[in-house]
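Chemist: Go ahead and model the full structure; you've got the sequences and the hints to work with.
Note that the protein sequences, when read in sequence, are chains A and B. Going by the working numbering, the first sequence opens with residue 1, and the numbers climb by one from there. Going by the working numbering, the second sequence opens with residue 1, and the numbers climb by one from there.
There's no promise every hint is true.
Calculated lysine to any residue pairs in the SDA-like style (CA-CA distance at most 25 Å, straight line) [claimed, not checked]:
hint: 1; chain 1: A; residue 1: K115; chain 2: A; residue 2: F96
hint: 2; chain 1: A; residue 1: K544; chain 2: A; residue 2: E590
hint: 3; chain 1: A; residue 1: K594; chain 2: A; residue 2: A535
hint: 4; chain 1: B; residue 1: K23; chain 2: A; residue 2: S412
hint: 5; chain 1: A; residue 1: K406; chain 2: B; residue 2: A65
hint: 6; chain 1: B; residue 1: K78; chain 2: A; residue 2: S449
hint: 7; chain 1: A; residue 1: K43; chain 2: A; residue 2: Q262
hint: 8; chain 1: A; residue 1: K498; chain 2: A; residue 2: E509
hint: 9; chain 1: B; residue 1: K44; chain 2: A; residue 2: L386
hint: 10; chain 1: B; residue 1: K44; chain 2: A; residue 2: G31
hint: 11; chain 1: A; residue 1: K498; chain 2: A; residue 2: S449
hint: 12; chain 1: A; residue 1: K321; chain 2: B; residue 2: Y30
hint: 13; chain 1: A; residue 1: K498; chain 2: B; residue 2: L53
hint: 14; chain 1: A; residue 1: K115; chain 2: A; residue 2: D72
hint: 15; chain 1: A; residue 1: K406; chain 2: B; residue 2: P69
hint: 16; chain 1: A; residue 1: K321; chain 2: B; residue 2: R157
hint: 17; chain 1: B; residue 1: K78; chain 2: A; residue 2: L473
hint: 18; chain 1: B; residue 1: K27; chain 2: A; residue 2: S255
hint: 19; chain 1: B; residue 1: K165; chain 2: A; residue 2: D322
hint: 20; chain 1: B; residue 1: K44; chain 2: A; residue 2: D226
hint: 21; chain 1: B; residue 1: K78; chain 2: A; residue 2: T483
hint: 22; chain 1: A; residue 1: K445; chain 2: A; residue 2: E171
hint: 23; chain 1: B; residue 1: K2; chain 2: A; residue 2: L473
hint: 24; chain 1: A; residue 1: K94; chain 2: A; residue 2: S255
hint: 25; chain 1: B; residue 1: K67; chain 2: A; residue 2: K544
hint: 26; chain 1: A; residue 1: K445; chain 2: A; residue 2: F465
Which chain B residues face chain A? A few, computed with CB under 8 Å, are given here [what the hints assert, rightly or not]:
hint: 27; residue: I20
hint: 28; residue: S33
hint: 29; residue: R34
hint: 30; residue: H37
hint: 31; residue: D39
hint: 32; residue: A42
hint: 33; residue: R49
hint: 34; residue: Y51
hint: 35; residue: S56
hint: 36; residue: R64
Residues of chain B clear of chain A, computed beta-carbon distances all greater than 12 Å [to be verified]:
hint: 37; residue: A52
hint: 38; residue: L59
hint: 39; residue: N60
hint: 40; residue: G81
I should point out that these hints are in silico values taken from the structure, not numbers from a laboratory. Ideal placement from N, C-alpha and C gives every residue a C-beta, glycine not left out.
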Amino acid sequence: MFQIEFDSPSDRVVGIDLGTTNSLVAWMNLGRPEVIEGEDGEKLVPSVVSLLPGGEIIAGNAARAALIDYPDRSIYSVKRLMGRGVADVQDELKLFPFRIAEGSESVIRVALGEKTFTPPEISAFILRQLKKNAEEALGGPVTKAVITVPAYFNDAQRQATRDAGRIAGLEVLRLVNEPTAAALAYGIDKRKEGIVAVYDLGGGTFDISILKLHDGIFEVLATNGDTHLGGDDIDNRLIRIALEDIQSEWQEDVSHSGEAVQTLRQDVIRAKEALSFAPTARIEFDWHGKQYRREIARELFENLIRDIVDRTLGPCRDCMKDAGVTPEQIDEVVLVGGSTRIPLVRSAVEVLFRARPHTELNPDEVVALGAAVQAGILAGTVENQLLLDVTPLSLGIEVYGGVVSKIIHRNSTIPASAGETFTTGVDGQTNVLIHVVQGERELAKDCRSLARFDLKGIEPMTAGFARIEVRFLIDANGILNVTARDARTGKEQSVEVKPSYGLTDEQVEAMIEASIDNAEADYRAAQLAGARVDADNILAATDKAKRNEAWRTLTDLERAAVDEAVKQLQTAYHAEDHNTIRKAIDTLNEATHKLAENMMNTAVNTALKGTRV
Amino acid sequence: MKNLQADYFEFLELPRNLTIDLKDLEKRFYTLSRQLHPDLYARKSAAERDYALEASAVLNDAYRALKDPISRALYLLKIEGFDIGEQGTKDVPQELLEEVFELNMALEEDGPESVQGRFVEMREAVDAELLHRFAAWDATHARDTLNEIRALLNRRRYITNLIDKTNVPDRV
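Modeler: Laid out in structure tokens, this is it:
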């Protein structure tokens, strides 16, 4: 029997594109980034999660099928909810069938059937599916990953993504901005010097980044974007038009049926995708015996979506201004995201940057491929490539009158830091509260509240005498870390973090605990299934061998031992423990050793006889 | 190991000069990035990873501060012990206050377009003067020059505020 040697280096790192619509996992295969297929042979894993009526949670293609059967137990586009509060998502709720559970405040809870989950937990189900796909394809455990995020994601959205990774049992070595990852995928063996613009229009987010390439260094000069702009907006517009049509044709409003809207969404997406390649397409919607048909010409489609496409151009102009470059200075433009297949998007980009965009790599895969390259950089297998990214939003602290004092400006290369000294305003005051916000506006209330940091245990003294030095540090993931020390004593000052949105560390820990139980169950199930497949194979092989003439060359005792081992394995087969099955397989292997040898000899003898004739 | 308490000039191994060759600065930045960036320490110990994070933050902060001539001058004033407060009204010479007052009046009476050109010209004059002072500092490192630079930077900030007030969008 063969022994297959799996190489399973403990520092294998995969790259994951956790997308609004689809997710992918990739790795470095002999120096080249490669997307890993699922067992269904599909590279794209739909970012859909379903809680089946039996209690089983499924993600990916299986869940997409469940979306129509169980719309109330399924969720898609959860990325739109990552790191956001209930008040933030009111607009989304009009367009997406998210069922926000009662009592959600700074952390949203979404209902799937009778249970509720936070967005990081739902994303973790998608990540677990990707992890499983990678483990099956690579033949070993996968515990470390690079995960991509939209460049314009704020701190809370990044933290939520990292939390999702942790809940899924992945050590997230780095969060990488999606457009930068795409540049890595393109740049690995291309241009050495030059200015590159990456235009990334995905399902739910839009990013633009401008990079300077210098001998393996990818320096991001500026980034801009809109975390709520993407292909979903185009779908929603087509759905609204179709719903109006249906209402007037059928005299029936189907917009309240989750199932109808889900079906229509998929029909509309099919038409939208067809329009990228054909001059006309048809929306075909069948519902309870009724049919809705509508022909859409590309020209009409383009008129319908023109303002959505135009919304990407402002951020592009601002980004060029921040990067200090003119369109003429941009050497190459790279397109990322499924929505960049739309001809109108391509022509708008071409007009703006005055350069024909690159489309050699599949826009759905390029981000995952780049994440794999970054994974290779961290694992030490990709050398001489280095990514210098920036923070997309300015970091500020709220000062007197609710005004924001900016301490780290947007487009600063990360890691970046800033120091501020704080003091007390009242005699005997023992704590100082610092409100940290992200954004470009003048007033704190117009920016994104990030967290409140409470400097505690300050020695009571006269107002204005305390001197607490606070260091704000944005790490290479774009996530803020805050430390403080008493400038007089040099002692570390305790800081209590109250995040405005998202989970506390304790909550994430609890979710990891819960998921370890699940992960163990998953692992055991996979081991069991693997052992049963091996048992099937060896039982079939033994059965076949018994019909070979070599069977008769064995002694009675040897034959009895084989039969006994077969019987044992058949019994062990139904055990719930893979070790029991493995042991029985080993026994049978041992018992059939002589049989296999004799079969080999018989075959050789036959062959030798054959040559003599 | 880099001294993380060093000032930015020292960190980048540059003299405390205000005229800097940007190509050379960029080269230093790239070279040090290849030595200090956290990506290169992902498989190292927690202490080494912390060092990389801190050191690369200092490197990036230093590059950012020294790349732009105005922020470079402000940074030099700071490490030379000059107080560069947000407003700095105390140190603004009387004639500048009067000039700014007149310009503010003009801004209110004649509207932004009429005065913006004048403000921009004024700032260009300050910038030209600053370059002279920068060269003077580099030649002598005389403290008096820094006083002059500080006054010019104050003046420049006032003018920039006025340009911002005129608020004419300068899109690409």
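Chemist: Are the Cα atoms of K498(A) and S449(A) separated by 25 Å or less?
Modeler: The hint holds at about 11 Å.
Chemist: Just to be careful: measuring from the Cβ of R34(B) to every Cβ in chain A, is the smallest value less than 8 Å?
Modeler: OK, holds: R34(B) within 8 Å of chain A, min 6 Å.
Chemist: With a cut-off of 25 Å on the C-alpha distance, tell me whether K406(A) and P69(B) pass.
Modeler: With Cα atoms ~20 Å apart, K406(A) and P69(B) stay inside 25 Å; holds.
Chemist: Against the 25 Å threshold, does the CA-CA distance of K406(A) and A65(B) hold or violate the hint?
Modeler: Given that 25 Å is the threshold and the Cα spacing comes to 15 Å, the pair holds.
Chemist: Is the Cα-Cα distance between K27(B) and S255(A) 25 Å or less?
Modeler: Roughly 60 Å between the alpha carbons, so the hint for K27(B) and S255(A) is violated.
Chemist: Take a quick look at whether K544(A) and E590(A) sit within 25 Å of each other, Cα to Cα.
Modeler: Between K544(A) and E590(A) the Cα gap is close to 17 Å, so the pair holds against 25 Å.
Chemist: Are the Cα positions of K23(B) and S412(A) separated by 25 Å at most?
Modeler: holds (19 Å)
Chemist: Within a Cα-Cα threshold of 25 Å, do K67(B) and K544(A) meet the stated pairing?
Modeler: violated (77 Å)
Chemist: With a cut-off of 25 Å on the C-alpha distance, tell me whether K321(A) and Y30(B) pass.
Modeler: holds (23 Å)
Chemist: Please confirm whether G81(B) is truly not at the interface, meaning its C-beta sits more than 12 Å away from all C-beta atoms of chain A.
Modeler: At roughly 16 Å from the nearest Cβ of chain A, G81(B) sits farther out than 12 Å, so the non-interface label holds.
Chemist: Hey, K498(A) versus E509(A), does the alpha-carbon distance stay inside 25 Å?
Modeler: holds (16 Å)
Chemist: Against chain A, run the beta carbon of I20(B) and see if the smallest gap drops under 8 Å.
Modeler: violated (17 Å)
Violated hints, listed in ascending order, are 6, 18, 20, 22, 25, 26, 27, 33, 34, 37, 38, 39; each of the other numbered hints is respected by the structure.
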